[in-house]
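All chains should be modelled from the sequences, with the hints used to inform the complete structure.
Chains as they are written, first to last, in my numbering: chain A, 35 to 258; chain B, 510 to 543; chain C, 76 to 311.
None of these hints come from the bench; they were simulated from the model.
Below 30 angstroms or equal to it, Euclidean Cα-Cα: the simulated DSS-like pairs (lysine-lysine) are:
| id | chain 1 | residue 1 | chain 2 | residue 2 |
| --- | --- | --- | --- | --- |
| 1 | B | K540 | C | K212 |
| 2 | C | K212 | C | K140 |
| 3 | C | K212 | C | K142 |
| 4 | B | K540 | C | K142 |
Reference listing, derived: stretches of chain A covered by chain C, where coverage requires no fewer than 3 residues with Cβ under 8 angstroms from a Cβ of chain C:
| id | segment |
| --- | --- |
| 5 | 192-198 |
| 6 | 211-218 |
Ranges between beta-carbon positions, derived for each pair:
| id | chain 1 | residue 1 | chain 2 | residue 2 | range |
| --- | --- | --- | --- | --- | --- |
| 7 | B | T513 | C | V92 | 15 to 23 angstroms |
| 8 | C | Q143 | A | L150 | 48 to 56 angstroms |
| 9 | A | W165 | B | A529 | 49 to 57 angstroms |
| 10 | A | R54 | C | L200 | 32 to 40 angstroms |
| 11 | A | P161 | C | H144 | 54 to 62 angstroms |
| 12 | C | W175 | B | V514 | 17 to 25 angstroms |
| 13 | C | A87 | A | A236 | 46 to 54 angstroms |
| 14 | C | A87 | B | V514 | 22 to 30 angstroms |
Think of the CB as a built atom: it goes at the ideal place given N, C-alpha and C, for glycine as much as any other residue.
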Amino acid sequence: MSFWTQTIEIARIDLRVERRLGDTLRIVLPFAVVALLVFPLALGIELAVISRIGPAVFWALGILFGMQVALRQSVTDSQERRDLHALAGVDPAARFVGRIISGGVLMMVFLLVLFLAMVLLYGPALPEGSWSTMLISSALFSVGLAELGTLAGEVTTGLRNRTALASLIVAPLALPLVIGASQSLEALSRGTGILTWVLLMAVTDLTLAVVGVGLARPLEEATR
Amino acid sequence: MSETVVVAGTFAISYALILAYSVYLHRRRQKAGS
Amino acid sequence: MTRIRVLFGVAAAAMAVGLWFALTAPPDTLQGEYSRLINIHVPSLWLAFLAFGLTALGSIMWLWKQKQHWDRLASASAEIGVLFTAIGLFTGMVWGNAVWGRAWDWGDPRLTTTAVMFFVYLGYLALRNAVDDPLVKARRSSVLGAIAVVQVPLVYFSVNLFRTLHQTQSIRPDGSTMPSEMLVAMLINVAAFTILYVALMAARMDIARVEEMSREPGTLAGDAIKAPKLNEVKDV
Numbered sequence: 035m036s037f038w039t040q041t042i043e044i045a046r047i048d049l050r051v052e053r054r055l056g057d058t059l060r061i062v063l064p065f066a067v068v069a070l071l072v073f074p075l076a077l078g079i080e081l082a083v084i085s086r087i088g089p090a091v092f093w094a095l096g097i098l099f100g101m102q103v104a105l106r107q108s109v110t111d112s113q114e115r116r117d118l119h120a121l122a123g124v125d126p127a128a129r130f131v132g133r134i135i136s137g138g139v140l141m142m143v144f145l146l147v148l149f150l151a152m153v154l155l156y157g158p159a160l161p162e163g164s165w166s167t168m169l170i171s172s173a174l175f176s177v178g179l180a181e182l183g184t185l186a187g188e189v190t191t192g193l194r195n196r197t198a199l200a201s202l203i204v205a206p207l208a209l210p211l212v213i214g215a216s217q218s219l220e221a222l223s224r225g226t227g228i229l230t231w232v233l234l235m236a237v238t239d240l241t242l243a244v245v246g247v248g249l250a251r252p253l254e255e256a257t258r
Numbered sequence: 510m511s512e513t514v515v516v517a518g519t520f521a522i523s524y525a526l527i528l529a530y531s532v533y534l535h536r537r538r539q540k541a542g543s
Numbered sequence: 076m077t078r079i080r081v082l083f084g085v086a087a088a089a090m091a092v093g094l095w096f097a098l099t100a101p102p103d104t105l106q107g108e109y110s111r112l113i114n115i116h117v118p119s120l121w122l123a124f125l126a127f128g129l130t131a132l133g134s135i136m137w138l139w140k141q142k143q144h145w146d147r148l149a150s151a152s153a154e155i156g157v158l159f160t161a162i163g164l165f166t167g168m169v170w171g172n173a174v175w176g177r178a179w180d181w182g183d184p185r186l187t188t189t190a191v192m193f194f195v196y197l198g199y200l201a202l203r204n205a206v207d208d209p210l211v212k213a214r215r216s217s218v219l220g221a222i223a224v225v226q227v228p229l230v231y232f233s234v235n236l237f238r239t240l241h242q243t244q245s246i247r248p249d250g251s252t253m254p255s256e257m258l259v260a261m262l263i264n265v266a267a268f269t270i271l272y273v274a275l276m277a278a279r280m281d282i283a284r285v286e287e288m289s290r291e292p293g294t295l296a297g298d299a300i301k302a303p304k305l306n307e308v309k310d311v
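Right, here's the structure in full:
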């Protein structure tokens, strides 16, 4: 199997496992929507303020809950499965990229549904071009978070408190993604270009991809 | 709180942390070496 | 062991000298006694970044050469780095609050990056703590160290961009209004703290070495295969 065939196959299987057994869209997403409800209630009910903080709250929740998507249980590999992959000659880099694809797809769905919920609940004033900006920044955000999540997930494979530890690892490093994504929407409101922020996220994603692929083999050995 | 108290307190806490860590290292070395 | 004692002796002396200068140099006219905090704040942050750099270097070198002392360098530096990052952030917040009325400055990318570094260190140490085997420990944490090397500069860059576009000027006190004696004192303390760092590193790496050597040996590769007893082999 070629590198890309392996990659697509891994992504496909991942998504299928998630569809059958996963809790990402069934539990994490509703949980995030509940969190959307918590914020205005905690902050008081000044409508003007609520509509202004909508996008910011969205991205904050996006990262916090997005991490759970990236670290979903369905990508926890048992040692047997990893050994099977190794014996079958699965390229660890292909597994990494495959995971990014499946994670990215799940994250995109998660973000888009959450965004819809935010728009309904917070009623923000969205300037011209918001939806296309949202699409681009969600895509880049999703890929980046999937990359970080996959890396953190692999590094913490088999350890106790895995999800908490991996979240601790991902959160600070994901700052460029949070800044890029939230600022791209704000740039629209201000009238300045979104290019800077899109580039920031794209560079982050690219860097993480290079690092991830480069470290794929050491990671494979590391998690024995 | 007066200026001097705050500054003195900050110095004290900072140096105490460094000292505490050094003592911790010393104890850990003794335990490891035995 | 004596080498470490000597290092600590020198470090203690240097720190004492630094402290003396810190407390006797004439204070800044605007900030008053608070300006003395520069003698802890700046050296601590200098060490935080130095330590972080060495953790990153140690991680990458371990991935490349697989020599255990690189991992010891990385982990010792991370532990000491946490300490000085904490001290740096603490003194910075006291200083900022006293002089500028705000403990935290969102406009300063160095501050946010330092906070991020603190949590990266914590994550690194937490990861190591969750593993028993030194080799597995080294493998996993070196990967994290390598990831952090590229991500942390990106964090700095992104916060810098944020600051530029929000036109928030940094309110962090810098040294430029300070009397030169205080700046000299600061430099003396930077040197003293660096010597302290070397001493702490030597001690911590020594501890790591001794602890690794006295460990119960773990499973060795190939243990699952037992050599056949010759008189049991019937059909070959």
